[in-house]
Amino acid sequence: MTATASTTARPAWRRYFGWSTDHKVIGVQYIVTSFFFFLVGGAMAGMIRAQLLAPDSTLVSAEAYNRLTTNHGSIMLFLWILPVLAGLSNYLIPLQIGARDMAFPRLNALSFWFLVPSGLLMLASFFVGAAEAGWTAYVPLSVSGPDGQTLWAISVVLLGASSMMGALNFVTTVFTMRAPGMTFWRLPLFTWSVLATSILTLTATPVLTAGLILIALDRLVGTLFFSVPAGGDPILWQNLFWFYSHPAVYIMVLPAMGAISEIFPVFARKPIFGYRMIALSSLAISLLGLTVWAHHMFTSGMDPRLRVPYMISTMIIAVPTGVKIFSWLATIWGGKLRLDTPMLFALGFISMFLIGGITGVFLAAIPVDLHVHDTYFVVAHLHFVLFGGSVSGAYAALYYWYPKITGRRFDERLGKIHFAANFIGTNLAYLPMFLAGLLGMPRRVVNYDPRFTELNQLASLGAFILAASVLPLLYNFVVSWVTGPRAGDNPWRAKTLEWSVSSPPPSHNFDTPPVVTGEPYDFGESALPAPAMSSAAAAD
Amino acid sequence: MKERTVFAIAVITVALLAAGFWVAQNVNLMPAEGSSRAALVDQLFRAMLGMAAVVFLLVEGLLLYSVLRFRRPRGDDTDAVAVHGNRALEIVWTLIPALIVVVIGFYSFRVLAASETRDADPLVVNVHSRQFSWTFEYPAAGVTSTDLHLPVGRQVRFLITSDDVIHSFWVPEFRVKRDATPGQLAELLVTPTLLGTYAVRCAELCGVGHASMGLTSQVYVVSEADFQTWLEAQAGLPSDPIAAGRLLMGRYGCSGCHTLADAGALGVVGPALDPLSDPAVQAGLHGGDLRAYVEQSIVDPSAVVVQGFIDGLMPADLGTRIPAGELAILVDYLVAQK
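Protein chains in written order, with the working numbering: chain A, 20 to 559; chain B, -5 to 332.
The following block holds chain B by itself, in its conformation from the complex:
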């Protein structure tokens, strides 16, 4: 090989490696790093991005250079100099990619092992999914909510189930998702490390409400003290009936599917609960008795289905799950929202 060629190859190699290193250090394509796992995954991702940049620049560079440099001179119909192969070169471009994927594979395995180690005393949260909402149950405290509240710095052990089809529980800031498969109990370990509010997404197509299932539930990562305060507030019922109604909206999953500004509910699978009187008045039911209509809609959701919405999506067992006293509070709260 000519000296000049060796020099050029050396310069290009150094430049490519420098570019790859720069990309790995400076390019961030990820959302906030919200968990201990996210920190590990992002290190791996950035290292891979650096290597990808080297390969990308090398191949696209060779392609572009060839297209600019090796053009047929006008009027030249002769063939180029024949080269059939080069054993050494072919070994190099087989071995180097093989080496790269071995390194990435080994690194991935290390990250996986480190992020799936269970702590001694994780906070257990049962994640229940159904078409098309999430509820989060804290079995130790006997609390249920449509939003997820987590203390920062403590490992959470999610136990994920589905009542119907496959859903997938994903918090992008935690960098991990886990399918909720009917008939399976899925485990997921996450240690939140950053205070903030994030969205819970559903990542597996689950039917007409799939998109809204990724837009309605939030994760609030708070301090341990704030978490305990929230947990205690959830366990009982506030004496103020409006506050109590708001809380019941979350406890029984209403907020997952309906919109109600006062309760911060954003669901779109069922009819909005803000202009509550309209469908009942139009239906002329119960002699216009709004209270009776609302109660019936909770206990027997198939009795009246508002036009444009699908029968059978709302759980039919709420009448047995909600104690009579709480049902009265909830109905009063909803009627008061008109």
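The shape of chain A in the complex, shown without the other chains:
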């Protein structure tokens, strides 16, 4: 039986529950699986914020609290943001470059099927005493601790393997599978951002994996890599960990930036401003991102002479980031803006990511960092980057490509309600944390000085609004998939290739191989309402 015959013989929905090598099926599998873990990680955040409603609350024990914060962080980063962006990339990259599938379809399926057992392993760790050393797993604390810490390390190793397989696939696909005429300077910016991200993933992830294996060996077979009495160095782990985990922030935000770079031109009906600068700034962030990790270690006793170079490299990242922000602003300037849900989330991205970006410069400034490092200031900063930034970008992308993926339109009113609740909740939850940190509240504390009570109650209120904001999203996406009106091929009148095929696209993507003749954002120049990049070239 051929693959085509087997897929047509089964009802379409069943493909999503088994082994499939279709990048679109895998993309949806990634997105739905990661959303499940988003809800789990969110429930943990809810418990954390409920505990912090009162300074001496005993709602959860200190032990349970450390397990919650550790796994909330790990799940949100490794099982929600990374895989939801991997899912979008999977779905979109072959379509955007005019390819039939990814370069290695079976490897692609394998990378998704690594995600499921590693996620279950992390959840299962709660039955044997979950990891409680923070998502940063600093040694020696993480070398002692319950058995769940070992499961955690193995889980993150598997997730790293998954994301390396994915990255290898993306790089190969973009380099070798582009349609005729799809030059690098005609690549959609989402594809550019995934290319930059994948290069970073391939460079940085092996280093974290090596470190995790050392921890697992110390725990399982009694090696002494991190044993201080035996001459091990706790600082070594911090170097290995941050060499991946700082770039990981860029890995988690660059594709979100790529997604909103697609959205602004479409909803402003204008070409993207400074296309090449946006593409190059992604690469610049990727490369610079490999040189900044030790800014997490200013208080750790690294060689004092090394601190200043790391401060400089970290601050310089503000420059390519600024280029992106100003280019987006110039794109919407003078446009004809439609404020549909994807556009609202893209605008919200700029508004909130900006706060994360600016406070990042404060953290890079060594004298300020020595005060705010490991405080709620950092908690606020990272949530503005990763929630206000990455997750807003992921939301924008999910709304934007929802009609393409499902063939249906979502309810615009529910989308706007979700945006409003998300925007208010995010600012309310995280802004007070900056002040708590500056005034002296350390992070990861189960109880705190009563002088921080009001700030924590505001933050908890914001978190509860965020929890509620997910309900309209869930309802909207589930119900619209079944009962939403048909979307048509190109409801937003966009010009990238994925909009030139049906919604959802046929399993082979393109009926005839596309030939690309123009740039992806030539709004205001082409009279054709249909995508300028399709095989309509013949008409010219």
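I should point out that these hints are in silico values taken from the structure, not numbers from a laboratory. This structure is a prediction, so every number in the text was calculated from the model and none was measured. Quick reminder that beta carbons are idealized off the backbone N, C-alpha and C, glycines included. Honestly, I wouldn't trust all of these hints.
[Unchecked claim] Listed next, the stretches of chain B that the computed footprint assigns to chain A, with coverage defined by at least 3 CB atoms under 8 Å from CB atoms of chain A:
1) 22 to 29
2) 46 to 52
3) 127 to 137
4) 160 to 172
5) 231 to 241
Since the structure of chain A is already known, use the hints to place chain B on it.
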């Protein structure tokens, strides 16, 4: 460019700079300025806050203005006028942020250098950390305490170590923290400049008692004379047995982990010492001999572990560290608290 546009840009630039200047002058988000370093850090922080305000207002302002101003007219499905880029503009918004970060980087370096210069004769304090308490040792005077007492105006050289995992010694009013990493001797220079009582926080997750490790030890910044008086009182033992017991609670780190109202101890890692008789009576140990039970709990803390608390956290070497005479005073003091 039209004259009106140039005028508008000029007005907005001046307004933004004025707003940034106002923020730098008037917005204070920091706790009390408790050290010479704090004054320097706060100057830097406020300057950065002013610059941040300019960038924030500019970007959010442009965003909001665009959203209000450039809306698609109803029924208009045509595209906007195409603009692909503007070389001059792109150079400007690359160079200006680059310039800003160079200025901040240079300023940061100056502050760092100024705040890490060692005076000729600093007061040396050894900071010992362990799960989950601090002890502060004044080696020149041979004094140890769970609270930190410092004379105002004199540079302190903290030498920070850890017995187990990584902790981080932080006094927010001093605007600086330093990790206590096992196997490392970390140095930190602070010159307290403001009389007052501040909290010592632990900033690095160190286990179940991490939060309480930031809520139990205080810093008392006092005059040089008061500091000397305190130091002398600590060196010996008061003749009053209650006062002596109170002092020993601090000297041997008991206050870091246990609560005892009379000694001002706030620790929550170990069982509270106020209702002391309860666990012993319940355990029916030593024929109800409370004194023997208390002594055993200090010398051999694993012998009886009160339910709900973790075995192995209390140092096992107190029996050898506390001289017999002081142990008797401490036990008497604790028994008297029931």
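Now the hints, each set against the structure:
no.	hint	verdict
1	22 to 29	holds (count 3)
2	46 to 52	holds (count 3)
3	127 to 137	violated (count 0)
4	160 to 172	holds (count 9)
5	231 to 241	violated (count 0)
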